[in-house]
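J.: Listed below, chain by chain, are the residues.
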Amino acid sequence: MLHMVPRQTEDRLLSQMRRGTLEYCVLAVLRKEERYAFDLVKTLAEVDGMVTSEGTLYPLLTRLRKDGLVSSAWKESPKGPPRRYYRITAKGTRALDDFTQEWRRFRSSVDDLIEGKENR
Amino acid sequence: MNTATESLVTRYLRDLKRALHDVPSARRREIVDEIREHIDEAATSMSPEPNEAELRNILDQVGDPESIAAEACDRFGISRSKAGSLERVAIALLIVGGLLLPGVGWVIGAVLLNLSRTVHMVVLMVTVTLIPVLTAIYLWRRAWRS
Chain A
1 MLHMVPRQTE DRLLSQMRRG TLEYCVLAVL RKEERYAFDL VKTLAEVDGM
51 VTSEGTLYPL LTRLRKDGLV SSAWKESPKG PPRRYYRITA KGTRALDDFT
101 QEWRRFRSSV DDLIEGKENR
Chain B
1 MNTATESLVT RYLRDLKRAL HDVPSARRRE IVDEIREHID EAATSMSPEP
51 NEAELRNILD QVGDPESIAA EACDRFGISR SKAGSLERVA IALLIVGGLL
101 LPGVGWVIGA VLLNLSRTVH MVVLMVTVTL IPVLTAIYLW RRAWRS
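Line by line, the protein sequences are chains A and B.
Residue numbers for the first sequence follow our numbering, so the first one is 1 and each next one is one higher.
Residue numbers for the second sequence follow our numbering, so the first one is 1 and each next one is one higher.
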């Protein structure tokens, strides 16, 4: 128990790490295929530590749409009313590619430091 | 949905709208609409339809309106406001106006407070009804003493 990170600190840590990465996780999920909004949110909410609640993803989706990184459209559904679908735009794909490069560099630098492999 | 579960959703969405008061109205509408669709979908995907406890569970997963609003303000670079100048003027008018301009000041204050989106409904009701009553008691006692 002594070594456990206190819950609050853990929450703050996660939320700080999420801040810069969550939007790219949304783009990454959409890169493969367009997704029905509900489904997209459920998928991300199921990833451990990714979101605090399903609802907090909607402001982010609104922001991404405003910035032109994703677009949304209504589509007929085989059963029930039409559904709102999200897809990634060309601008979104470019942003994700840039992030992916930076992320890989950043991640390996952090890993090296944590594992004590820095070149000295 | 039945009336009990429906009113739960209505109340939740009203709280959400209120929590999002700092977000520009077009964005606020988008967020609220999409969350409404999300709740509808979560409810209709259940069979039989969710009872009250199950619906509360759905709303819990969607999350606390305040945390959604905090996220929205963060994503749109908006600083969250507490009670603003409008509210302070309104409450001052309710108190002072009630004494100096019986009737008129109170009405203006009540209207201003009503325009405000930050003051919670309970505070509003209490302020709007209590102040004239207290003022009346005070004036009546003063008149009675002299």
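Note that these hints are calculated values from the structure, not bench results.
A few of these clues could be false.
Said to hold, decoys possible - Computed Cβ-Cβ distance ranges for the label pairs, DEER-style:
#, chain 1, residue 1, chain 2, residue 2, range
1, A, GLY68, B, SER81, 52 to 58 angstroms
2, B, ARG11, A, GLY49, 27 to 33 angstroms
3, A, GLU115, B, GLU6, 53 to 59 angstroms
4, B, ALA136, A, SER71, 44 to 50 angstroms
5, B, VAL107, A, MET50, 27 to 33 angstroms
6, B, THR3, A, MET50, 32 to 38 angstroms
Glycine included, each C-beta is placed from N, C-alpha and C at the ideal position.
J.: Hints first: check each against the structure and report whether it holds.
T.: Structure-based check of all given hints:
1. A/GLY68 x B/SER81: 52 to 58 angstroms: Taking Cβ atoms as reference, A/GLY68 and B/SER81 lie about 28 angstroms apart, which means the hint is violated.
2. B/ARG11 x A/GLY49: 27 to 33 angstroms: holds, 30 angstroms
3. A/GLU115 x B/GLU6: 53 to 59 angstroms: holds, 55 angstroms
4. B/ALA136 x A/SER71: 44 to 50 angstroms: violated, 59 angstroms
5. B/VAL107 x A/MET50: 27 to 33 angstroms: Violated - the Cβ-Cβ distance for B/VAL107 and A/MET50, about 51 angstroms, lies outside 27 to 33 angstroms.
6. B/THR3 x A/MET50: 32 to 38 angstroms: holds, 35 angstroms
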